[in-house]
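Enquirer: Residue 418 is where the sequence shown starts when you use my numbering, and the numbers rise one by one after that.
Just so you know, the hints here were simulated from the structure itself, not pulled from any lab data.
Please read these numbers as outputs of a predicted model, since none were measured by experiment.
Among these hints, one or two may not hold up.
Straight-line alpha carbon distances no greater than 27 Å define the calculated DSS-like cross-link-like pairs of lysine-lysine that follow [said to hold, decoys possible]:
1. Lys464 / Lys548
2. Lys590 / Lys608
3. Lys492 / Lys548
Using C-beta positions, here's what the derived DEER-type ranges look like [claimed, not checked]:
4. Asn459 / Asp596: 38 to 44 Å
5. Gln599 / Met546: 14 to 20 Å
6. Asp610 / Glu432: 39 to 45 Å
7. Met547 / Asn439: 27 to 33 Å
8. His425 / Thr468: 24 to 30 Å
9. Met547 / Lys464: 36 to 42 Å
10. Lys464 / Asn575: 38 to 44 Å
11. Asn601 / Lys513: 29 to 35 Å
12. Asn606 / Asn445: 45 to 51 Å
13. Asn459 / Ala438: 24 to 30 Å
14. Leu517 / Asn606: 38 to 44 Å
15. Ser614 / Ser449: 41 to 47 Å
16. Gly550 / Pro461: 22 to 28 Å
Backbone N, C-alpha and C define an ideal beta-carbon position, used for all residues, glycine too.
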Amino acid sequence: MSEQNILHIRQAITEARAEEANTHALQNYIESQLPQMHRVINLPEDKAGATMIDFVTRYIEHVPDFVEALTELTKTSGIHSCAEGLLTIAQTYFAKPPELVNDHKGLHALIDEAYLAHRLMEEVNDRIMMKYGIPLVPMDMTVSNLIVHNLLGDDFANELDTAVHYSIEGLFKTDKFIDQPQFNNYVENHKRDGWDSDLKRWPCLAGDSSITLNLDMNVPDGDLH
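Turn these sequences into a full structure, and let the hints guide you.
Expert: Right under this line is the structure:
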């Protein structure tokens with residue numbers, strides 16, 4: 418089922434990109450948002466719109482990549498049954514997204530769904546880090562998620578964050594995967610051996626692009642979420 422869902426996500430992205438080529442809806446949305454982007458987000462002045470469109474497209478395309486990589490990693494590590502609930506939620510965001518994203522179409526809608534999936538992974542990593550001192554996977558999407566949060570706007574992005582919060586609470590309440598013996602073995606193995614063989618699967622997208630955060634600036638509390 419996971420392979421079919423990944424294929425479905427990739428097909429949805431392909432179709433949305435074809436639609437974008439005709440409508441330029443995402444391009445128009447991004448260009449309308451650029452003047453409102455937080456000043457700590459640095460974009461090349463001569464090609465800010467093109468850079469952001471490229472970043473957002475890769476952010477969306479990263480979802481099936483990380484779902485596929487996580488599926489493979491958990492299977493080879495013997496913890497796939499532990500992580501199955503997490504994988505199902507991430508894929509369901511694309512297959513049956515929450516009603517609050519229904520007004521958006523094409524790549525614009527997929528930004529919302531990709532943000533849900535990436536924020537889910539970020540929160541799961543944080544929870545596991547707090548308990549065990551290491552994440553589930555070596556995938557740090559914090560900077561990328563901050564950029565997309567700002568692009569979506571605080572009000573709407575906060576609604577998506579709330580949806581992720583409910584998913585996380587449900588996952589950790591009903592699925593005790595982090596307490597299972599095989600998951601403890603997984604943690605101990607990676608504490609001992611590190612992530613060298615897996616790290617290349619989860620690059621930081623913001624670090625691969627021309628977009629950076631200037632965190633040395635004085636930012637009032639609450640300005641950048």
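Enquirer: Hints first: check each against the structure and report whether it holds.
Expert: Evaluated hints:
1. Distance hint between Lys464 and Lys548 is unfulfilled; the C-alpha atoms sit about 42 Å from each other, more than 27 Å.
2. Restraint check for Lys590 and Lys608: satisfied, since their Cα atoms lie roughly 26 Å apart, inside the 27 Å limit.
3. Of the pairs offered as hints, the one joining Lys492 and Lys548 holds, with about 22 Å between alpha carbons and a cut-off of 27 Å not exceeded.
4. Roughly 42 Å separates the CB atoms of Asn459 and Asp596, a value that falls within the hinted 38 to 44 Å.
5. Separation of Gln599 from Met546 is about 19 Å and conforms to the stated range, judged on CB atoms against 14 to 20 Å.
6. Between Asp610 and Glu432 the Cβ separation comes to about 40 Å, which falls inside the hinted range of 39 to 45 Å.
7. For Met547 and Asn439, the hinted distance range of 27 to 33 Å is not satisfied, since their beta carbons lie about 46 Å from each other.
8. Range check, His425 to Thr468: Cβ separation about 29 Å, and the 24 to 30 Å hint holds.
9. A beta carbon spacing of about 39 Å between Met547 and Lys464 agrees with the range 36 to 42 Å that was offered as a hint.
10. A hinted range of 38 to 44 Å is violated for the C-beta pair Lys464 and Asn575, which are about 30 Å apart.
11. Checked against the hint of 29 to 35 Å, the pair Asn601 and Lys513 passes, with Cβ atoms roughly 33 Å apart.
12. Separated by about 48 Å at the C-beta atoms, Asn606 and Asn445 satisfy the suggested range of 45 to 51 Å.
13. A hinted range of 24 to 30 Å holds for the C-beta pair Asn459 and Ala438, which are about 28 Å apart.
14. As the Cβ distance of Leu517 to Asn606 is approximately 39 Å, the hint placing it in 38 to 44 Å holds.
15. In this structure the supplied range 41 to 47 Å holds for Ser614 paired with Ser449, their Cβ-Cβ distance being about 43 Å.
16. For Gly550 and Pro461, the Cβ-Cβ distance of about 38 Å falls outside the hinted range of 22 to 28 Å, so the restraint is violated.
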